[in-house]
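Chains as they are written, first to last, in my numbering: chain G, 1 to 133; chain L, 1 to 133.
Derived by calculation from the structure, the hints in this document are not laboratory data. All values derive from a computational prediction rather than experimental measurement. A portion of the hints provided could be inaccurate.
The list cannot tell twin chains apart, which means a pair is met if one copy fits it or any two copies do.
Said to hold, decoys possible - SDA-like cross-link-like pairs, simulated, lysine to any residue; straight-line CA separation at most 20 Å:
1. K26 - E65
2. K11 - A52
3. K26 - L112
4. K26 - A49
5. K26 - E15
6. K26 - S2
7. K11 - L121
8. K11 - S87
9. K11 - T31
10. K26 - C125
11. K11 - C125
12. K26 - E95
13. K11 - H124
14. K26 - E80
15. K60 - H124
16. K26 - S55
17. K11 - V76
18. K60 - C125
19. K26 - L75
20. K60 - D93
21. K60 - E15
Number of protein chains: 2
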Amino acid sequence: MSTVVVGYVPKPEGEAALRAAVSEAKRREVTLVVVDSHRGGRDFDSDAADDAEASLTTVKALLEESGVDYEIRQLVRGYEPSEDLLSIAEASDAELLVIGLRRRSPVGKLILGSNAQRVLLDAHCPVLAVKGS
Amino acid sequence: MSTVVVGYVPKPEGEAALRAAVSEAKRREVTLVVVDSHRGGRDFDSDAADDAEASLTTVKALLEESGVDYEIRQLVRGYEPSEDLLSIAEASDAELLVIGLRRRSPVGKLILGSNAQRVLLDAHCPVLAVKGS
Chain G
1 MSTVVVGYVP KPEGEAALRA AVSEAKRREV TLVVVDSHRG GRDFDSDAAD
51 DAEASLTTVK ALLEESGVDY EIRQLVRGYE PSEDLLSIAE ASDAELLVIG
101 LRRRSPVGKL ILGSNAQRVL LDAHCPVLAV KGS
Chain L
1 MSTVVVGYVP KPEGEAALRA AVSEAKRREV TLVVVDSHRG GRDFDSDAAD
51 DAEASLTTVK ALLEESGVDY EIRQLVRGYE PSEDLLSIAE ASDAELLVIG
101 LRRRSPVGKL ILGSNAQRVL LDAHCPVLAV KGS
């Protein structure tokens, strides 16, 4: 079973990636796998867990409305998001991986983060990179 | 008119990008714009022009066989390939830009070249990055 896999974060670039991934999964008529990865650790307290849950509720509503066939994988394993994304893409036989790119850093400089670079270079399938607005 | 725009180079990653772009243009039922950009200058002598012509013949054969609606833009304007690609994507109202990524440098290190980074960060539309085999 081929899939489209998307790395979701509750930020403008994550929302843009999710919307693009929904379109791609529909166009390709395959299941969409949404990866919501948290490193966990000391910063991932009960408040963080509540926030993650709240953002996932919004994601589920969007997915239900889209009519696309989907799965959500919520991971708190202590890995970098890129590692979780790459391993799930491989395990899910992804034909496309979708990631969001931050458009600008707080000081207005364009950046391509280390997670994005890792995914672009190490993915076994094509990677669609979309920017948040 | 919406399009898919692809940056072509006569290398494995350029061929992979071209094949992916053909699939995307078909899937989206839009015109494919193939950008073949050369910086020109002293290194672009008549031999280089002949090589460019020969590789374009192969490209045209692949495009004709695919049945996709296409245009080829061959540019020798002294600009970086990323600049040519970005300006044509904008002018062609691209809904998707496709680029090839080199898998490895001669010493086996993974690299994300400056042209690829520039396109990923500055494109006004989503960018599909594919690796050569």
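Structure-based check of each hint:
1. With identical chains, the CA atoms of K26 and E65 are at most 20 Å apart within one copy only, with a shortest distance of 13 Å there and 27 Å across copies.
2. Only within a single protomer do K11 and A52 lie at most 20 Å apart by alpha-carbon distance; the minimum there is 12 Å, versus 43 Å between protomers.
3. Proximity of K26 and L112 under a CA criterion of 20 Å is satisfied in neither setting, with 28 Å inside one chain copy and 30 Å between copies.
4. For the homomeric pair K26 and A49, neither the shortest alpha-carbon distance inside one copy (30 Å) nor that between copies (42 Å) is at most 20 Å.
5. For a Cα distance limit of 20 Å, the shortest separation of K26 from E15 inside one copy, 17 Å, qualifies, whereas the shortest one across copies, 26 Å, does not.
6. For the identical chains of this complex, K26 and S2 are neighbours both inside a copy (13 Å) and across copies (19 Å), given an alpha-carbon limit of 20 Å.
7. Within a single copy, K11 and L121 get their C-alpha atoms only as close as 23 Å, which misses the 20 Å cut-off; across copies the closest is 17 Å, which meets it.
8. In the homo-oligomer, the alpha carbons of K11 and S87 never lie at most 20 Å apart, since the shortest distance is 22 Å inside one protomer and 28 Å across protomers.
9. With identical chains, the CA atoms of K11 and T31 are never at most 20 Å apart, being 23 Å at best within one copy and 33 Å at best between copies.
10. When the C-alpha separation of K26 and C125 is checked against a cutoff of 20 Å, the pair qualifies both within a copy, at 18 Å, and between copies, at 19 Å.
11. Taking the closest pair of Cα atoms, K11 and C125 come within 20 Å of each other only across two copies (18 Å); inside a single copy the shortest separation is 24 Å, beyond that limit.
12. In this homomeric assembly, K26 and E95 come within 20 Å of each other (Cα to Cα) both inside a single copy, at 13 Å, and across copies, at 16 Å.
13. Only between protomers do K11 and H124 lie at most 20 Å apart by alpha-carbon distance; the minimum there is 19 Å, versus 26 Å within a single protomer.
14. Taking the closest pair of Cα atoms, K26 and E80 never come within 20 Å of each other, the shortest separation being 28 Å inside a single copy and 35 Å across copies.
15. In this assembly of identical chains, K60 and H124 lie within 20 Å of each other by CA distance neither inside one copy nor across copies; the values are 27 Å within and 28 Å between.
16. Taking the closest pair of Cα atoms, K26 and S55 never come within 20 Å of each other, the shortest separation being 22 Å inside a single copy and 35 Å across copies.
17. When the C-alpha separation of K11 and V76 is checked against a cutoff of 20 Å, the pair qualifies only within one copy, where the shortest distance is 18 Å, while the shortest distance between copies is 40 Å.
18. In this assembly of identical chains, K60 and C125 lie within 20 Å of each other by CA distance neither inside one copy nor across copies; the values are 26 Å within and 25 Å between.
19. For the identical chains of this complex, K26 and L75 are neighbours neither inside a copy (25 Å) nor across copies (35 Å), given an alpha-carbon limit of 20 Å.
20. Taking the closest pair of Cα atoms, K60 and D93 never come within 20 Å of each other, the shortest separation being 22 Å inside a single copy and 32 Å across copies.
21. When the C-alpha separation of K60 and E15 is checked against a cutoff of 20 Å, the pair qualifies only within one copy, where the shortest distance is 12 Å, while the shortest distance between copies is 38 Å.
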